[in-house]
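Peer 1: In our numbering, the protein residues as written are -17 to 599.
Do not take every clue at face value.
Said to hold, decoys possible - Computed cross-link-like contacts, DSSO-like style, restricted to lysine-lysine with a CA-CA straight-line distance of at most 30 angstroms: (1) Lys458 <-> Lys568; (2) Lys568 <-> Lys553; (3) Lys484 <-> Lys553; (4) Lys568 <-> Lys484; (5) Lys458 <-> Lys484.
Stated by the list, open to error - The calculated label-pair distances, taken between Cβ atoms and stated as ranges, are: (6) Pro355 <-> Asn502: 23 to 31 angstroms; (7) Glu313 <-> Gly25: 16 to 24 angstroms; (8) Pro212 <-> Arg394: 21 to 29 angstroms; (9) Glu577 <-> Glu462: 43 to 51 angstroms; (10) Arg160 <-> Asp486: 32 to 40 angstroms; (11) Arg163 <-> Pro212: 37 to 45 angstroms; (12) Lys321 <-> Ala506: 43 to 51 angstroms; (13) Gly463 <-> Gly372: 37 to 45 angstroms; (14) Arg359 <-> Lys321: 21 to 29 angstroms.
Rather than coming from a laboratory, the hints here were simulated on the basis of the structure.
Just so we're clear, the structure is a prediction, and the values are computed from it rather than from any experiment.
Even glycine gets a Cβ: it sits at the ideal position worked out from N, Cα and C.
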Amino acid sequence: MGYRTLRECVEDLERTGQLLRIEQPVDPNLEAAEIQRRVFAAGGPALYFASVRGCRFPMVSNLFGTIQRARYLFRDSLEMLARLVSLSVDPTDLVRRPRLYLNLKTPAAALFARPRKVRRGPVLAIETTLDQLPQLRSWPDDGGAYITLPQVYTEDPDAPGLARANLGMYRIQISGGRYERNEQAGIHYQLHRGIGGHHAAAIRRGERLPLNVFVGGPPAMTVAAVMPLPEGVSELAFAGLLGRRRVPMVCLPHQLPIHAEADFCITGHIEPNRLLPEGPFGDHLGYYSMAHDFPVMRVERVFHRHRPIWPFTVVGRPPQEDSVFNELIHEMVGPIIPKTIPGVRAVHAVDAAGVHPLLLAIGSERYVPYEEPRRVRELLTLANALLGQGQLSLAKYLFIVAGEDNPELDIRHLPDFLRHLLERVDWRRDLHFQTCTTIDTLDYSGEGLNQGSKVVIAAAGSVRRNLPVAIDSRIKMPGEGGFGNPRVVLPGILAVEGPRSKPDEAGRDPAVQRFCLAFNRTDAINGFPLIVVVDNSDFAARSLNNFLWTTFTRSDPAADIFGIDSFVQNKHWGCLGSVVIDARAKIHHAPPLVEDPEVTRRVNELAAKGKPLHGVI
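Generate coordinates for the entire structure from the input sequences, incorporating the hints supplied.
Peer 2: What follows is the structure in structure tokens.
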């Protein structure tokens, strides 16, 4: 049976040696977050902060800090849940393989999916105010304190009730900015989030949108809040299945239901026709999400249970703890996509690139199986289908290849995948752009908030080229323009250092276009089918993660993809030589996240001999 409360989970992890208790006082302003980042990077244990400066509540972090620990938390339910997911996609599987499901007591386990209505709950024991909660700031320029593991509960104004409720994780700013102390909080939700539909319905009806923010409770509720479930599928049902317990919800007349076993609950509503600047906030792309106008929550009451624990996480340049969430989610629901979109064999949102900026896919190419040479046809149909699927639609770069060309290709082994694609891609026909469209709210590479472009790069057929692994002596950088220090990143991929980006009066930087014009299709540099212009080529080539992060978080396809001997024919862009991506920092980009040196020094002291983090970081 799963955990009933967060405290049960914490005690179990401590009992099994998977949690470190820190008794020394820790500051929630930057210090706790840096400790979390450092311990996560070291593959360390969950952390229990027993003494939090300026606050009477203990905190816990890194509960999901390794995939092994995440699996441990749900050891009783993961296999059963995978079977239920498979059954939901293909109900006939129960007829074909009944023993597989009956051995796991799958039908009985499905009873956990129904939330349990109660009239009272531990979370309502004590009232407090926002300023008494841990004032967690993760990065030096964060605009205030944030709840980083909130479970935001709303119901559909058109059809209220548990069945069509939404539980999502949308960051909550509880101090700073222009918010009224203890009376208001900022709520930041992005595109393709379930709360958006509820908020739109409330606006249409001229009503305020009630919402409750739960913090803590069993870990199944946290995972349910981040799950990209199909519209209409209940997160409460998912949490019940994952935690192997029906979720108890306090249901009273004229009140929005409250999770009875949460550690904290903030009740309130979104103020109609009211926006205030929310942010800045150091986010999961590795940059600050800058201050923008977002909805405002009017806080009504703040509750907590006896002996509550405040869970938190820290986001930043991946990998971080949310990377483990992504891996766990992939294990649970990854098989759904190939069954939902016939022809898709595998998908992988690349964490090191910030998740949404880069999506990889392997599909089938069966439209004209007798065609020689084979070319991309069905893959484009599959690409369009993928870009129409919920949060997958936020992908900025989609690389898709044909599984028939290499049935053994592992989509999660990026060097092999990129080699496979670059050996086969035809830059004359295999780039397909979508312009003036929506991208991830947190991605500042585009032309404005939520605005940018996408590109599908599809490759099928036999090998077209051999990829170089070293720089040919014939390759020379342009004599002027500030380009130099070329470095091989991977076979066929070259990083070139460029001048600092400086837009002209029209807002465009012509430097990379001039770089391309300095070459023609016969020059040796075209042996590298992909060239990336960066601010620091040594950094970009130092590791695969550096290359992925730099290239795909700092470029907008329509604005930043160039080519040697490029052309436009029938509104299709292509090139005869190498593709060149401008991945330099631009003036409209958000600043990257950097730690505070004084905080780093204090955390280093905690790692000294005799201190709580000795031997951990």
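Peer 1: Against which earlier hints does the structure fall short, listed by number upward?
Peer 2: Those not satisfied come down to hint 9.
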